[in-house]
Structure formats: structure tokens, C-alpha cells
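Undergrad: Keeping their order, the protein sequence lines are chains A and V.
Residue numbering for the first sequence follows our numbering, starting at 57 and increasing by one per position.
Residue numbering for the second sequence follows our numbering, starting at 10 and increasing by one per position.
Everything labelled a hint here was simulated from the structure, so no lab data went into it.
Errors might be hidden in some of the hints.
[To be verified] Computed beta-carbon distance windows for the label pairs: (1) V/PRO132 / A/ASN377: 42 to 48 Å; (2) V/LEU137 / A/ARG369: 37 to 43 Å; (3) A/LEU68 / V/SER42: 24 to 30 Å; (4) A/LEU68 / V/PRO158: 34 to 40 Å; (5) A/GLN406 / V/PHE74: 46 to 52 Å; (6) V/ASN123 / A/ARG363: 42 to 48 Å; (7) V/PRO132 / A/ARG363: 49 to 55 Å; (8) A/GLN406 / V/PRO132: 34 to 40 Å; (9) V/PHE69 / A/ILE429: 49 to 55 Å; (10) A/LEU68 / V/PRO60: 36 to 42 Å; (11) V/GLU71 / A/GLN419: 51 to 57 Å.
Every residue gets a Cβ at the ideal spot worked out from N, C-alpha and C, and that includes glycine.
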Amino acid sequence: MATPDIKIGSKLDARGFKQAETALSKLTKSTKSLAKAFGIAFSAQAITRYGIAAVNAFAAEERQILSLTNTVKNLGLAFQAPAVNEYIDNMERLTGITRDQLQPAFQQLLTQTGSITKSQEIFNAALEVSSSGIVSLEEASSALTQAYVGNTKGLKQFNLGLTNAELSAMTFDQILSAISDTYKGQFKAAMESTAVKIDRVKVAADNAKESIGGGLVDAFANLAGNGDLDSAIAKMEKFGTTVADVLRSVTSQGWKSAWQFINPANTGGFTDPNKPTTGVNLGSPGTWRWRNLQITKKEQAAAAKLRKEEEARLAILRKQNAEKRAQLALDKANKALSAASEMFDPQGIQIAAALQGKITDEQRARLELMKMIWELEQAIAQGNTAIIEKLTAQLLELTKQTEQLNKNFQALEKINDILNTIGYGRQLFDNDSLAQTLALLNSITGSTYTPSTFASQVPQDLYQALLVDFPNAAAEQVVVPEVNITIDGNVDALLDVVVNGLQNKSASGVDTRILRNTGGFNW
Amino acid sequence: MLEIELRGNADLRKALRRFTPDLEKELRKELRSALSPVVKKARSYVTDDAPMRGWRGRAFSEAKFPIYNADTIRRGINYRVTPGKINSNGFSSMASIYNSTGAGAIYEIAGIKNSQGQPWVGPKTGSLSNKVSKSVNPKAGEQFIKNLPPVVSSLKGRGRLIYRAWAENRGVAEGAAMKAIDSAIREFYKRAETTAFRRAA
Chain A
57 MATPDIKIGS
67 KLDARGFKQA
77 ETALSKLTKS
87 TKSLAKAFGI
97 AFSAQAITRY
107 GIAAVNAFAA
117 EERQILSLTN
127 TVKNLGLAFQ
137 APAVNEYIDN
147 MERLTGITRD
157 QLQPAFQQLL
167 TQTGSITKSQ
177 EIFNAALEVS
187 SSGIVSLEEA
197 SSALTQAYVG
207 NTKGLKQFNL
217 GLTNAELSAM
227 TFDQILSAIS
237 DTYKGQFKAA
247 MESTAVKIDR
257 VKVAADNAKE
267 SIGGGLVDAF
277 ANLAGNGDLD
287 SAIAKMEKFG
297 TTVADVLRSV
307 TSQGWKSAWQ
317 FINPANTGGF
327 TDPNKPTTGV
337 NLGSPGTWRW
347 RNLQITKKEQ
357 AAAAKLRKEE
367 EARLAILRKQ
377 NAEKRAQLAL
387 DKANKALSAA
397 SEMFDPQGIQ
407 IAAALQGKIT
417 DEQRARLELM
427 KMIWELEQAI
437 AQGNTAIIEK
447 LTAQLLELTK
457 QTEQLNKNFQ
467 ALEKINDILN
477 TIGYGRQLFD
487 NDSLAQTLAL
497 LNSITGSTYT
507 PSTFASQVPQ
517 DLYQALLVDF
527 PNAAAEQVVV
537 PEVNITIDGN
547 VDALLDVVVN
557 GLQNKSASGV
567 DTRILRNTGG
577 FNW
Chain V
10 MLEIELRGNA
20 DLRKALRRFT
30 PDLEKELRKE
40 LRSALSPVVK
50 KARSYVTDDA
60 PMRGWRGRAF
70 SEAKFPIYNA
80 DTIRRGINYR
90 VTPGKINSNG
100 FSSMASIYNS
110 TGAGAIYEIA
120 GIKNSQGQPW
130 VGPKTGSLSN
140 KVSKSVNPKA
150 GEQFIKNLPP
160 VVSSLKGRGR
170 LIYRAWAENR
180 GVAEGAAMKA
190 IDSAIREFYK
200 RAETTAFRRA
210 A
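Bound-form chain A, shown alone:
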């Protein structure tokens, strides 16, 4: 971060600029020459890059062809070299297997058998076996090459159903026949597969690249042959632009025999760079002459169809992925929403608030039940199986208890009702006095119970029960007569009368607590 400062005596120091100016002018010069060399349009540059790759591809193929030609020549079959190369080329186009794989295998067979026909026969067998997928072409041809000279060890991997001894005893033709019987039709089936069709298109494109490379080699060899590199570079630039124009015009018309060019000096193969009359005509667009690429309309259509199918498949896949992503987002949102809703669910809040208030046991039980029902509903909405099972069990238990509680309440209600029906409820037993109670009972039932007669009028067990509630009931039954006494005169005489009376009573068997003989009290 620049700190605040005040600069005094600022001056331009141009040394750095002078250096930069010099560097820039140098850069400009080299940039101009670069622009000259590589052309202006992007397409020309792209073509040039492609050209370089094409030249490399051509060079690699040329090496291979020369190697095969040499092998054939060494076998004394030099005149058949073009045919052999043509065979390899055709196999490449037909099978989609590149020359890199075909040629070494075939070359090996050629070297071993010394006969092109035999080599082709064995090669076809190797192709049948490799098309089944159990071994590669190289392994198959290697095993057959060895088998040709008597070494049948490698044939074991072909799974022909023959033992080593049997294989050793068979002739090579018999072995080929056995292979043919086992793997018949494999090659044809493989050629029908999509993968091979794609490979064939790739091979065709590679062949085109090689052909272009070949043409370029010829052309640039001629261009640089006279030593004028600058003019060669200029012509390369023009070449890039011109080829771009050609491609545009050719592809707009379709890949017909426009790509089939015949070199007036040669009927095929590669041009001799030493012959200035041959080579590529760097003329105006439309006069380019290339080697015949033989890309058929049918293969182009097949490739286009494959591309379309692939694009459709990818589109479906992309759509499915998008739907999956959308669903995932939706599920996530729903989860978050339900979690948030739980916090603000009015029913849940009300239940919780009610539980915190002053409520009776019955109300608490009912609220607990409501709460459990609400929790179960939430768990069902979320699909949480474990919680659902747990809450369901608890809910059933709580429901049973609540039902029992309800029954008890109902019974109590009934008792209350009965008591209320009677009209007095426990009033009968709220009285302190038996007399009041009996009076009440008489008014209800129309009976004529009195405390003194009640004991004999009701069953003894009921009476005893009543005595528990009314402990003074027995005392209430004693009737005390009223006696008025007026004493005139001698009190002693009264006492004598009383004592005599008591003694007489005692003598007659009434307990008077008086000693009969003496008249004293018996304490």
C-alpha cells in the first residue's frame, strides 16, 4: 500500500525509457518478421500447425512403409511390395486398427512364413481370434507365428478345447481349421460394432493427415530446394491461407471426389521429391491435388449418425444431472424449511406453553398425549423411521393409560351422579348428631327413626357402623326423667330415706354402689 508522502524536486529520469525504447524497437522488428512468416489470419496459423502435425504423421508412416517394403524385398517379393502396402492400408480402413498395430503383426508373419498368401491367411485367423477379445492382435499373430514353426504353447490362451498334446499332434492347417471353427463370425460381428466404426473414422482422418503431410513435404522440399528461405517462408504463409480457403470451399460443397486428386505424374504412392515436375501445385484454390482418401459417403453418414446419437445421449445425461441437482437442492431446502417450521409451529408452541401452565393431572395427561401426536406427525413428515417407531410405542402406552384414566373419571362421575340423584350426597354423613341425621333420613325415606328406638329398628351391623361415626349415639339413647324435690325440715332424714332406698334397691339386685350392710358407698 502506498503511504502518504510529499515528494520534493521530482524529475524525470529517462534512462529506463531509453532502454525500453530500444527493446521495443527490436521487438517490433522481430514481430513484423514473425507476422510475415506466420501469416495474419488465425485459420492460416491453425492450418500451419496442423501441417506440422501432418508432416510428422506422414514421416512416421513413411518409416513404417519403408520397413515393410524392405521386409518384402528381402523375401524376394519386392514386386509385391505395393500390393502388400495396399493390403495393410485396406485392412486399416476396414478394421479401424491402425497401421502401428497391423504392420508389426503382419511383418512378423511375413518373415516367418515367407509367403504373402500364407501370411494373409494366418493374419485373418489372428484377426478372428483378436476380435473375440480374449487376446490382442499382436498376441494372436505372435502365437500363430510360433505355432507355424511348431511351438504350440501360445495357442493355449485361445481356449480351443484341446490339450497341449493334441495341439502338438495337429498340423498347422488343422490348427487353423480349429481356430476357424471356434471363432467363426467374430470378426464380422466386431466390424458391426459402434466402437470399430468410430475407429474407422479416426483412421480415415489420420490417413488424411498423413496424406496432407506427404503433400506438404513434397511442396516444401521444392520450395526450399533453391535455398531461398525467405521466399519459402512467404510461400508457406500463402499456403496456409490458400489451404484454409480450399477447405472452406470444399467442405461447403461436401466431401466428394473433390478430395480425390490425381497427380499427373504419378498414379499413386508418394512423389519423388527430387522430381520438380511432381509434387503439389501451389496454385489458386480449387486446384490442389492430393492423394485419394476414399472416405465414403456411407462412413461419413455413419460417423455423423454416431455423433448425433452421442450428443443426444449426452443431452439426456446433462438433463438428468440437472434434475438430480435440482431435486437435491429442493430436498435440502425442504429439510431446512421443516427444521425452521418445527421451531415456529404454532401447535407445538401452544402445547409447550400449555404444559408450562397450571393444569390438572388430567389436562397434563391430555396435553402430553397431544404433544406426542404432534411429534409423531413431524417424524412421519420427515420420514424418520426410528423416531416414528419409538413414538408410536409411547403413544400406544399413553393412550392405554389415558383410556383407563377416562374410565376412572367416568366411574367417579357416575358415583357423583348417583349421589347427586339422591339429592343430599354426603350430607347424610356430614351431621355431627345422630338425631339430626335420623331426622334427615326420616324426611327422605319416610321412616320414624328416633335415637332411642334406632338401635332396635336397624340391623346391628349398621348400628355399629353408625356408632363409629356417631360415638355419642349410645349416650343419646338414655332418657333421663325429670324429678323435682322440695326439702322442708331435716336434711338428715332425707339422707336416711335415700340410703334406705338404695339399700332396698341393692337388695333387689339393682346395682346401686352402696354397701348393703353398712349403707356406705362402694368406691
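Assemble chain V onto chain A, guided by the hints.
TA: This is chain V only, laid out in the frame that chain A set:
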């Protein structure tokens, strides 16, 4: 006769140091005397206490925002009498006054670009830009700037410390400094015409 061409301040000072060290010494002395009053004035504007409570230092604070410390800020306000580096436009200075501490720079120039504070986005956006306010308080920037003294404009810039001191100096220091530089250059060329320069010991 060989010509001496002094390209830029660095060349001049190098030449002075090499061939006329007395001129170099004199130049430094005069530059110091011109610039030091401005620096002293600027330091005097630094208040001992932080202009707001929240800017004071706290024990065990891991805050990244520079804490207000008057001594540190004063130490960071100083001058330089040697040539500065060449900037991207090719210019260099002969001398300079600077305010080099973080808190000092904040105090100096806060609110110059956005007088109401930086645009507020809040802490939850996850923005990594330092051009927006991510404070919890939407008015944090505005409140911060309100608590600072007003910005003063000078010919060299706007601020509250060195720029304020420079504005109040009314060009006296600049005049003196330029006079010293011109004198040194004139004297140097005068000597170059009359004597053959030999590298000073």
C-alpha cells in the same frame, strides 16, 4: 571537452557525492532545515489519545486493523533528503516527507475517497475485497470518519497530518528546498566548467 549530463536526481546526487561532497553536505543540511519544521508541525497534530474509543489498543488483541498509538504514528512521520526510487512514470524525488505507519496513514487520508465510508456489504457476503465495508455496523465507516478531524487540502495532496502541515507551511519549505537544489546544481556545473573533476577521496 567532456560534457557532464546529469540525468535525474540520482545522477545528480551521485555526482555531488563523488566530485563535490561539500556541495552534497550543504544540500542535505539545507534540505533538512527546510523540511524539519513541516515534520515537527505534522507530528504536533497527532493527538495523544485515540480520536475514538474503539481505536485504542487492547490487551491480547489479535485484530488486524492498526491500533492507534500516538508515539508510533509520530515516529512514522519523517523526512528523507536522499533521492527516492524511480516510479513507473519515470519520476524520482530529491527529498520527501512521509507518513509511513499504518495507523498514521489511516488517520491521514481516511475519508478522502469515500467521505461517507466505504460501500457496506456486511460480514455474511464472504467478499474478499478490501474496497467494501464488511462491518456488522452499516455506518461504521461514516462514524469512523466523523470522529476524525477534517481533511485539509494542499498542493501536494489532502490529509490531516503531513498534508495539513504542508498546506499551513504555505510553500516556504518547498521554496527553500528547491532553492537549495538549484544552488547545488548551479554550483556543480560552475565547478565542472572551471576544474577537472576527480573522484573525491
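Undergrad: Compare the structure with each hint and give your call.
TA: Results for each hint:
For the hinted restraint 42 to 48 Å between V/PRO132 and A/ASN377, the CB-CB distance of approximately 34 Å leaves it violated. Taking the beta carbon of each, V/LEU137 and A/ARG369 are about 40 Å apart, inside 37 to 43 Å as hinted. For A/LEU68 and V/SER42, the Cβ-Cβ distance of about 27 Å falls inside the hinted range of 24 to 30 Å, so the restraint holds. For A/LEU68 and V/PRO158, the hinted distance range of 34 to 40 Å is satisfied, since their beta carbons lie about 36 Å from each other.
Checked against the hint of 46 to 52 Å, the pair A/GLN406 and V/PHE74 passes, with Cβ atoms roughly 48 Å apart. Between V/ASN123 and A/ARG363 the beta carbons are some 56 Å apart, a value that contradicts the proposed interval 42 to 48 Å. A hinted range of 49 to 55 Å holds for the C-beta pair V/PRO132 and A/ARG363, which are about 51 Å apart. For A/GLN406 and V/PRO132, the Cβ-Cβ distance of about 36 Å falls inside the hinted range of 34 to 40 Å, so the restraint holds.
For V/PHE69 and A/ILE429, the Cβ-Cβ distance of about 53 Å falls inside the hinted range of 49 to 55 Å, so the restraint holds. Separated by about 40 Å at the C-beta atoms, A/LEU68 and V/PRO60 satisfy the suggested range of 36 to 42 Å. Remark: the range hint 51 to 57 Å for V/GLU71 to A/GLN419 is upheld by a beta-carbon distance near 55 Å.
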